[in-house]
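So you can see what is in the structure, the chains are spelled out below.
Protein chains: 2
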Amino acid sequence: MSTYNDNLHWRYATKKFDSTKKLTQEQVDELLEATQLAASSYGLQPYKVFVITNPALREKMKEHAWGQTQITDASHLVVFCAYKTIDESYVDAFIDLVSKTRGIPVESLKEYREMMVGSIKGRSPEALANWMKCQAYIGLGFLLSAAAQANIDACPMEGFDAALVDEDLQLSDKNLTAVTFCPLGFRSSEDQSAAYKKVRFPKEEFFVFKD
Amino acid sequence: MSTYNDNLHWRYATKKFDSTKKLTQEQVDELLEATQLAASSYGLQPYKVFVITNPALREKMKEHAWGQTQITDASHLVVFCAYKTIDESYVDAFIDLVSKTRGIPVESLKEYREMMVGSIKGRSPEALANWMKCQAYIGLGFLLSAAAQANIDACPMEGFDAALVDEDLQLSDKNLTAVTFCPLGFRSSEDQSAAYKKVRFPKEEFFVFKD
Chain A
10 MSTYNDNLHW RYATKKFDST KKLTQEQVDE LLEATQLAAS SYGLQPYKVF VITNPALREK
70 MKEHAWGQTQ ITDASHLVVF CAYKTIDESY VDAFIDLVSK TRGIPVESLK EYREMMVGSI
130 KGRSPEALAN WMKCQAYIGL GFLLSAAAQA NIDACPMEGF DAALVDEDLQ LSDKNLTAVT
190 FCPLGFRSSE DQSAAYKKVR FPKEEFFVFK D
Chain B
10 MSTYNDNLHW RYATKKFDST KKLTQEQVDE LLEATQLAAS SYGLQPYKVF VITNPALREK
70 MKEHAWGQTQ ITDASHLVVF CAYKTIDESY VDAFIDLVSK TRGIPVESLK EYREMMVGSI
130 KGRSPEALAN WMKCQAYIGL GFLLSAAAQA NIDACPMEGF DAALVDEDLQ LSDKNLTAVT
190 FCPLGFRSSE DQSAAYKKVR FPKEEFFVFK D
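Residue numbers (the numbering used here), protein chains in the order written: chain A, 10 to 220; chain B, 10 to 220.
Read the hints as simulated data drawn from the structure, not as lab findings.
As the structure is a computational prediction, the values presented were derived from the model and not from experiment.
Possibly wrong hints are sitting among the right ones.
The list makes no distinction among identical chains, and a pair is therefore deemed to hold if it is satisfied within one copy or across any two copies.
Stated by the list, open to error - With a straight-line Cα cutoff of 35 Å, these simulated DSBU-like cross-link-like pairs (lysine-lysine) come out: (1) Lys24 x Lys206; (2) Lys109 x Lys71; (3) Lys93 x Lys206; (4) Lys119 x Lys206; (5) Lys207 x Lys25; (6) Lys183 x Lys130; (7) Lys206 x Lys31; (8) Lys207 x Lys219; (9) Lys24 x Lys212; (10) Lys25 x Lys69; (11) Lys30 x Lys69; (12) Lys30 x Lys71; (13) Lys24 x Lys119; (14) Lys212 x Lys183.
Just chain A, same shape as in the assembly (with noise of 0.2 Å):
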């Protein structure tokens, strides 16, 4: 474990990426992996997670992003994408998928079901669309603290114009939302800020203990 937290003093939000590094395919397919295993609320996974390499694309995202070179510079570019509704078909193909990949009948889901369909139904349309972007965000950890373990980089951004990510990626046709940006390949040696000491509140302002 002293490895594992050593490579998370280790990470930090790279601000210039070595545009001549790119991640191997074998790289790619286990950070994806991990993210694909991230946990969310029922199992229901209720965003989409684009990867994209095409350069002209990434230009794009670029611009709606006040000219981030990490966007460009960067081996793939990540993007959370959160539904913004969701309803009892999504539950249905999700209980589906629960059948078949445990091989058990879909009657004997009935209660889970209900039980999703209930939380979904028991939110307003915005609270509903926040529930989902939260789940992106485990997704957005998950795959952090992967890339750390395996000394890849990253940068999570927020910093760009949804309106405009979601036209260039036709999001709105798909019910989807641009949620995180995070650029994923190696820092360049000339980022400075990579030397910078990591700030973190203190222990014992950060966290509460009730024994």
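Guided by the hints, dock chain B onto chain A, whose structure is given.
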């Protein structure tokens, strides 16, 4: 890396903990450090992490979560609590922390401060609260990832009455609200769900590649 994802396959939302098994202090410290090292927007860490071992308080938490036994059976109960609002004074405290940690004058961070204040002021109170919740979910992702690598079980839970939890943890007067529970400990050998096949939407549905 293959071992890394094996550990993510090993993890699951633990339904029944072995109440006789406790994390060592070293394990607790390692997992909390991993959580503290989670990324957050601008590095603001707009949430706190409660770590509850007190049995009476755990009983109350269980009552507020429809009697789910993981809350009292697990070794430790972690509760992620997001700030309800945030203002310039919080940003100033953070800027002060950056200044002290990195040994640089507050004045040199003026632009960074203005950017954060602008980002905060540009959001509605509701959007601001949701954004802070999302940051806490990154923390949850870091905690779950770290726990899996240490073969420590966890069960992220959103199913609780936040108003009652907030009251019992006296969160309201601290400008906080409970976002998610995460009991930590070790699975009971009686937990049959540990053997259930993991359900995930297939890669070709969950990922969208733009080459």
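Right, here's what the structure says about each hint:
Taking the shortest Cα distances, lysine 24 and lysine 206 sit within 35 Å of each other inside one copy (14 Å), while across copies they are farther apart (40 Å). When the C-alpha separation of lysine 109 and lysine 71 is checked against a cutoff of 35 Å, the pair qualifies only between copies, where the shortest distance is 33 Å, while the shortest distance within a copy is 41 Å. Proximity of lysine 93 and lysine 206 under a CA criterion of 35 Å is satisfied inter-copy only: 29 Å between copies versus 38 Å inside one chain copy. In the homo-oligomer, the alpha carbons of lysine 119 and lysine 206 lie at most 35 Å apart only across protomers (18 Å), although the nearest pairing inside one protomer, at 52 Å, exceeds that limit.
Proximity of lysine 207 to lysine 25 under the C-alpha cut-off of 35 Å is restricted to the intra-copy arrangement: shortest distance 17 Å within a copy versus 37 Å between copies. Taking the shortest alpha-carbon separations for lysine 183 and lysine 130, both the intra-copy value of 21 Å and the inter-copy value of 31 Å come in at or below 35 Å. In this assembly of identical chains, lysine 206 and lysine 31 lie within 35 Å of each other by CA distance both inside one copy and across copies; the values are 27 Å within and 34 Å between. In this assembly of identical chains, lysine 207 and lysine 219 lie within 35 Å of each other by CA distance both inside one copy and across copies; the values are 27 Å within and 34 Å between.
Both within a single protomer and between protomers do lysine 24 and lysine 212 lie at most 35 Å apart by alpha-carbon distance, with minima of 26 Å and 30 Å respectively. Only within a single protomer do lysine 25 and lysine 69 lie at most 35 Å apart by alpha-carbon distance; the minimum there is 18 Å, versus 48 Å between protomers. Taking the closest pair of Cα atoms, lysine 30 and lysine 69 come within 35 Å of each other only inside a single copy of the chain (21 Å); across copies the shortest separation is 52 Å, beyond that limit. For the identical chains of this complex, lysine 30 and lysine 71 are intra-copy neighbours only, at 19 Å inside a copy versus 50 Å across copies, given an alpha-carbon limit of 35 Å.
For a Cα distance limit of 35 Å, the shortest separation of lysine 24 from lysine 119 across copies, 19 Å, qualifies, whereas the shortest one inside one copy, 48 Å, does not. Within a single copy, lysine 212 and lysine 183 get their C-alpha atoms only as close as 42 Å, which misses the 35 Å cut-off; across copies the closest is 17 Å, which meets it.
Figure legend: structure checked against the earlier numbered hints; every hint is met.
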